[in-house]
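Protein chains: 2
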Amino acid sequence: MIKEAIFHKSDIPYAYPVNKDQLKIVLRTAVFDVDRVYILFKDRYDWLGKFKIKPMTLVHTNELFDYYETTLELNKRFLYFFYLVSETGEKLYYTEAGFFKKRPEDSFWGFFHYPYIREKDIFSPPDWANECIVYQIFPDRFNNGDRTNDPENVKPWGEKPTADSFFGGDLQGIIDKIDYLKELGINAIYLTPIFLSPSTHKYDTTDYYTIDPHFGDTEKAKELVRKCHDNGIKVIFDAVFNHCGYDFFAFQDVVKNGPKSKYWDWFNVYEWPIKTHPKPTYETFGENVWRMPKLMTKNPEVQKYLLEVAEYWIKEVDIDGWRLDVANEIDHHFWRKFREVVKNAKKDAIIVGEVWHDASPWLRGDQFDSVMNYPFRNAVVDFFAKRKISAVKFNTLITEQLMRHMDSVNRVMFNLIGSHDTERFLTLANGMVARMKLALVFQFTFVGVPYIYYGDEAGMVGGFDPDCRRCMIWEEEKQNKGLFEFYKKLIRIRKEHEELKYGNFTTLYAVGRVFAFRREYKGNSIVVIINNSSKEEVIFLEEAGGKEDILKMGELKRSGN
Amino acid sequence: MIKEAIFHKSDIPYAYPVNKDQLKIVLRTAVFDVDRVYILFKDRYDWLGKFKIKPMTLVHTNELFDYYETTLELNKRFLYFFYLVSETGEKLYYTEAGFFKKRPEDSFWGFFHYPYIREKDIFSPPDWANECIVYQIFPDRFNNGDRTNDPENVKPWGEKPTADSFFGGDLQGIIDKIDYLKELGINAIYLTPIFLSPSTHKYDTTDYYTIDPHFGDTEKAKELVRKCHDNGIKVIFDAVFNHCGYDFFAFQDVVKNGPKSKYWDWFNVYEWPIKTHPKPTYETFGENVWRMPKLMTKNPEVQKYLLEVAEYWIKEVDIDGWRLDVANEIDHHFWRKFREVVKNAKKDAIIVGEVWHDASPWLRGDQFDSVMNYPFRNAVVDFFAKRKISAVKFNTLITEQLMRHMDSVNRVMFNLIGSHDTERFLTLANGMVARMKLALVFQFTFVGVPYIYYGDEAGMVGGFDPDCRRCMIWEEEKQNKGLFEFYKKLIRIRKEHEELKYGNFTTLYAVGRVFAFRREYKGNSIVVIINNSSKEEVIFLEEAGGKEDILKMGELKRSGN
Ligand SMILES: [Ca+2]
Ligand SMILES: [Ca+2]
Numbered sequence: 001m002i003k004e005a006i007f008h009k010s011d012i013p014y015a016y017p018v019n020k021d022q023l024k025i026v027l028r029t030a031v032f033d034v035d036r037v038y039i040l041f042k043d044r045y046d047w048l049g050k051f052k053i054k055p056m057t058l059v060h061t062n063e064l065f066d067y068y069e070t071t072l073e074l075n076k077r078f079l080y081f082f083y084l085v086s087e088t089g090e091k092l093y094y095t096e097a098g099f100f101k102k103r104p105e106d107s108f109w110g111f112f113h114y115p116y117i118r119e120k121d122i123f124s125p126p127d128w129a130n131e132c133i134v135y136q137i138f139p140d141r142f143n144n145g146d147r148t149n150d151p152e153n154v155k156p157w158g159e160k161p162t163a164d165s166f167f168g169g170d171l172q173g174i175i176d177k178i179d180y181l182k183e184l185g186i187n188a189i190y191l192t193p194i195f196l197s198p199s200t201h202k203y204d205t206t207d208y209y210t211i212d213p214h215f216g217d218t219e220k221a222k223e224l225v226r227k228c229h230d231n232g233i234k235v236i237f238d239a240v241f242n243h244c245g246y247d248f249f250a251f252q253d254v255v256k257n258g259p260k261s262k263y264w265d266w267f268n269v270y271e272w273p274i275k276t277h278p279k280p281t282y283e284t285f286g287e288n289v290w291r292m293p294k295l296m297t298k299n300p301e302v303q304k305y306l307l308e309v310a311e312y313w314i315k316e317v318d319i320d321g322w323r324l325d326v327a328n329e330i331d332h333h334f335w336r337k338f339r340e341v342v343k344n345a346k347k348d349a350i351i352v353g354e355v356w357h358d359a360s361p362w363l364r365g366d367q368f369d370s371v372m373n374y375p376f377r378n379a380v381v382d383f384f385a386k387r388k389i390s391a392v393k394f395n396t397l398i399t400e401q402l403m404r405h406m407d408s409v410n411r412v413m414f415n416l417i418g419s420h421d422t423e424r425f426l427t428l429a430n431g432m433v434a435r436m437k438l439a440l441v442f443q444f445t446f447v448g449v450p451y452i453y454y455g456d457e458a459g460m461v462g463g464f465d466p467d468c469r470r471c472m473i474w475e476e477e478k479q480n481k482g483l484f485e486f487y488k489k490l491i492r493i494r495k496e497h498e499e500l501k502y503g504n505f506t507t508l509y510a511v512g513r514v515f516a517f518r519r520e521y522k523g524n525s526i527v528v529i530i531n532n533s534s535k536e537e538v539i540f541l542e543e544a545g546g547k548e549d550i551l552k553m554g555e556l557k558r559s560g561n
Numbered sequence: 001m002i003k004e005a006i007f008h009k010s011d012i013p014y015a016y017p018v019n020k021d022q023l024k025i026v027l028r029t030a031v032f033d034v035d036r037v038y039i040l041f042k043d044r045y046d047w048l049g050k051f052k053i054k055p056m057t058l059v060h061t062n063e064l065f066d067y068y069e070t071t072l073e074l075n076k077r078f079l080y081f082f083y084l085v086s087e088t089g090e091k092l093y094y095t096e097a098g099f100f101k102k103r104p105e106d107s108f109w110g111f112f113h114y115p116y117i118r119e120k121d122i123f124s125p126p127d128w129a130n131e132c133i134v135y136q137i138f139p140d141r142f143n144n145g146d147r148t149n150d151p152e153n154v155k156p157w158g159e160k161p162t163a164d165s166f167f168g169g170d171l172q173g174i175i176d177k178i179d180y181l182k183e184l185g186i187n188a189i190y191l192t193p194i195f196l197s198p199s200t201h202k203y204d205t206t207d208y209y210t211i212d213p214h215f216g217d218t219e220k221a222k223e224l225v226r227k228c229h230d231n232g233i234k235v236i237f238d239a240v241f242n243h244c245g246y247d248f249f250a251f252q253d254v255v256k257n258g259p260k261s262k263y264w265d266w267f268n269v270y271e272w273p274i275k276t277h278p279k280p281t282y283e284t285f286g287e288n289v290w291r292m293p294k295l296m297t298k299n300p301e302v303q304k305y306l307l308e309v310a311e312y313w314i315k316e317v318d319i320d321g322w323r324l325d326v327a328n329e330i331d332h333h334f335w336r337k338f339r340e341v342v343k344n345a346k347k348d349a350i351i352v353g354e355v356w357h358d359a360s361p362w363l364r365g366d367q368f369d370s371v372m373n374y375p376f377r378n379a380v381v382d383f384f385a386k387r388k389i390s391a392v393k394f395n396t397l398i399t400e401q402l403m404r405h406m407d408s409v410n411r412v413m414f415n416l417i418g419s420h421d422t423e424r425f426l427t428l429a430n431g432m433v434a435r436m437k438l439a440l441v442f443q444f445t446f447v448g449v450p451y452i453y454y455g456d457e458a459g460m461v462g463g464f465d466p467d468c469r470r471c472m473i474w475e476e477e478k479q480n481k482g483l484f485e486f487y488k489k490l491i492r493i494r495k496e497h498e499e500l501k502y503g504n505f506t507t508l509y510a511v512g513r514v515f516a517f518r519r520e521y522k523g524n525s526i527v528v529i530i531n532n533s534s535k536e537e538v539i540f541l542e543e544a545g546g547k548e549d550i551l552k553m554g555e556l557k558r559s560g561n
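Residue numbers (the working numbering), protein chains in the order written: chain A, 1 to 561; chain B, 1 to 561.
Any given hint could be a false lead.
Intra- or inter-copy, both count: the list cannot distinguish identical chains.
Only pairs whose alpha carbons sit at most 30 Å apart, straight line, appear in this in silico DSSO-like list of lysine-lysine [unchecked claim]: (1) K388 with K3; (2) K346 with K304; (3) K3 with K386; (4) K52 with K481; (5) K42 with K298; (6) K347 with K304; (7) K489 with K50; (8) K393 with K102; (9) K386 with K50; (10) K155 with K9; (11) K20 with K304; (12) K120 with K9; (13) K478 with K304; (14) K20 with K54; (15) K120 with K315; (16) K489 with K101; (17) K346 with K160; (18) K495 with K386; (19) K54 with K279; (20) K298 with K495; (21) K120 with K260; (22) K3 with K91; (23) K102 with K256; (24) K50 with K275; (25) K298 with K76.
Hints were generated in silico from the structure; no laboratory data involved. For clarity, every value in this text was computed on a predicted model and none was experimentally measured.
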């Protein structure tokens, strides 16, 4: 056995409580290396008791690793070790103190050890998140519902956007399209920022307490949330707390009063007086973006200010959660406080971080409920849009991603295929709708929350920002109605099948460009078989026998390319 | 190359800031598998910039793994991947998205990524902890300084202890021995609990606000702390927050008033009315220890009560930190609040958890500064006292332990060789003082805080509790003066050499029973060579050339057994 590959740690994601009585345990081995894995366990205070033995289940196999799982039930307190047998008959015991050929009877302190299921530490995202289908809206570009609030320099709807163009979209525009969203079937919207700001994207906040008048006002925001709620749609706002805008009152005070400003230490000023050019003399977001001074969240006053903002909008307009901009450049310390404030203000509010990479440090239960799942997108783009990786590699990527997090986290990950910060999926797929449809089948049947970037359902295309932020296509003749209907069908299927929302995920087949998997929940299962190639493939899959063809994907057989 | 063994994750302990400008990076490979490892890195916002390349240093080698390290300096934001070359010429690139044969030029989002050095998240234990030598006192058994406060049923000093015997030790007794402690050279004491309780160990607290009258009172505690501080000795109290005693006011209120008590949900009562026998009808510590009802720290009132206790003793008697009893059965959530309260009350107070196993979930910077390092003890007992493992296995155990935590954590780990909860080291070594001396050489020259259990320095022996809690030997003729002098020498050497407190650790030799390593700091180094066998060994160690023999361990050559 390849000992170097065998891994367990009595911590997330290898050991964690799924509820107050059950502990999930995961063990990793090298792929195809081990034949049988058992866990030997008992109550850690049951000094004289015998260990129980339980076989573990192989749940994922990829290019490098096999993952075994089991769920244990005991009186909250666990002592355990593993017993592995290879096909050749080799036997190995694995403990926290390493490997043993013989069963280690007396190494109590060297065994693995989950001291206690601490109820307060059990991660539970809002229930509704498990059932969620999210729709992202970039407000200036979604729908102009009120021409009286348009910016002066508003451009004709549908013109090619630049970084600075305004198109007049607003909150009334979203309200006017609630029926459209309902027809599509989504049940949550996430709005990029809507607070006062000079820019079109509004990531440079001037005033965290004012809805940008080009979008509406607080009353309009309340109306939007109320009407969304009336229609079963949750509303998530964008918390841009890593940095503010140049015009933010505190920064302007510092610009004016220099080191004498009472806000001088809300920012990181390198050199007085403040200058914006040739390079800003203060820390900013990104690469010297002078319009976005970085906020010092280590400063308790800044913490207090931002936490009050977070609480205010939940209490004032009843939003259902926050998406956190540039979440990984703000300290964990702040996000832990943020979680307390948000959950106290609304128990089932959701917290979704923007983290483009492995987000596990933020998803241990103490900070976020979910993140925008860019690693998911990268795998889906490479497999379905670009066809540059094999089904085997795709399987490796997605199973490794699943094994980074607790199941409860995976079920609420915001699985996007594109956003306002990426090229649109259809563009990456060179306009080939069939490729996008296959990706959507995967997105809607995989573990996690399907996430639609506005307009994807209409067949919109667009390269990098600002091109991916084009005006929504409302002229029916320009919309891809087939794609819209396809989304509707997937949404309906997703809603109707608990397996897709709560089921476990098992890869059944990954050869060439064909990928098949099963979602199973409470004895029911759905099998998804995807031929991600241009030619017909014949595979034999016992698991698929007797299943109803709920997707009716005949059309893809013809148009695959 | 064994890909299954190659591991990095952009999180503790594989990536973490050492200060606001520097990021430590660790990569693991299979042992002897890779010849050279490079990291390619740049600022994550430097979109067009070229990657810098830096060789990584092999810092640990054990039975299974090699560990490579480097420290990067940039403008806080890192994008990086690894390049590995084996002796056979095989080349491999390693990214967050897996392995590549060719350099992955365009997989920006698949690279590893340390988004930002967030100052608030940098772990820094109190400075003094790095310089610390701790002495644990079990107050009833250390010294009786005031016969007027003795319990009624006090036993003659030195009688064999039972679980219930009282010997009259007290705070005055500790005060009277400050000169002794100063002569020994320690600079911190940790007292097992001293609050009001019916037991001799006092882990069943009756009143968290009252010093047990058999030990003294609050004024006496203040005097102890003040006199310790005058002599450069820090004082750590024991926070028993997992459970209270049966006589604790809140539990007694529940016993009396049942479900109508306002404290009913401070505990987990299975069945009313409360009964203690045949089995307690409420949750307790351990295996139905009815005298210790478990406190529900998920309850905000319980949190508030305990946090006020934590703050009170820091503010009232100026203690320098808390040792946390049964720390791993209390939720992380509570400990995070605890850290805030304690550090606000005293910036450089220390927080030391009792965790007998891998403690990494508590040592990420947000909870504890240190733990009682039982995995260290287990390795030292097995190698030095019992001689049941080889130097190779010993090296594996201690290097794996080091790689679980940040360097800053390792430097303040409370490295014990025994405590009130274990057999005494000398007993485990079958009374062979030479074996203990070798263990002490290791303890005082390894990374972390040397920790002395009262009486070990006098050559005390004792089996499991209560035998390990015998009365301190004060009759000079019964003390092992040689051992005392040996401790003094080790303490002096430790204090005089920054290498031992701050230096990195490199294993130089691990063959049979001979183990050698180097501690290096700012260009100076100390080499320690340990022959853990009964016969003379000759080894060639270039590193040792020209070193002064600071330990003068000739005596061990003669008495090794
Ligand atoms: Ca408008
Ligand atoms: Ca006394």
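Status of the hints after comparison with the structure:
1. K388 with K3: So K388 and K3 pass the 30 Å test across copies only (22 Å; inside, 33 Å).
2. K346 with K304: Both. Shortest intra-copy (18 Å) and inter-copy (22 Å) distances satisfy the 30 Å Cα cut-off.
3. K3 with K386: between (36 Å within a copy, 26 Å between copies)
4. K52 with K481: Answer is neither; intra-copy 58 Å and inter-copy 49 Å both fail.
5. K42 with K298: between (44 Å within a copy, 25 Å between copies)
6. K347 with K304: Both, since 20 Å and 21 Å are each at most 30 Å.
7. K489 with K50: neither (53 Å within a copy, 46 Å between copies)
8. K393 with K102: For K393 and K102, the Cα distance is within 30 Å only across copies (16 Å; inside one copy 37 Å).
9. K386 with K50: between (55 Å within a copy, 26 Å between copies)
10. K155 with K9: neither (56 Å within a copy, 46 Å between copies)
11. K20 with K304: Between. Shortest inter-copy distance 23 Å satisfies the 30 Å Cα cut-off; intra-copy 33 Å does not.
12. K120 with K9: Cα proximity of K120 and K9: in one copy and across copies (21 Å, 27 Å).
13. K478 with K304: neither (48 Å within a copy, 61 Å between copies)
14. K20 with K54: Only inside one copy: K20 and K54 sit 20 Å apart there, 47 Å across copies, limit 30 Å.
15. K120 with K315: Both ways: K120 and K315 sit 24 Å apart in one copy and 28 Å across, limit 30 Å.
16. K489 with K101: For K489 and K101, the Cα distance exceeds 30 Å both inside one copy (55 Å) and across copies (41 Å).
17. K346 with K160: Neither, since 40 Å and 59 Å both go past 30 Å.
18. K495 with K386: within (29 Å within a copy, 62 Å between copies)
19. K54 with K279: between (63 Å within a copy, 29 Å between copies)
20. K298 with K495: neither (42 Å within a copy, 35 Å between copies)
21. K120 with K260: For K120 and K260, only the inter-copy Cα distance (24 Å) is at most 30 Å; the intra-copy one is 44 Å.
22. K3 with K91: both (12 Å within a copy, 23 Å between copies)
23. K102 with K256: For K102 and K256, neither the intra-copy (74 Å) nor the inter-copy (53 Å) Cα distance is at most 30 Å.
24. K50 with K275: Answer is between; shortest inter-copy Cα gap is 28 Å, intra-copy 71 Å.
25. K298 with K76: between (37 Å within a copy, 15 Å between copies)
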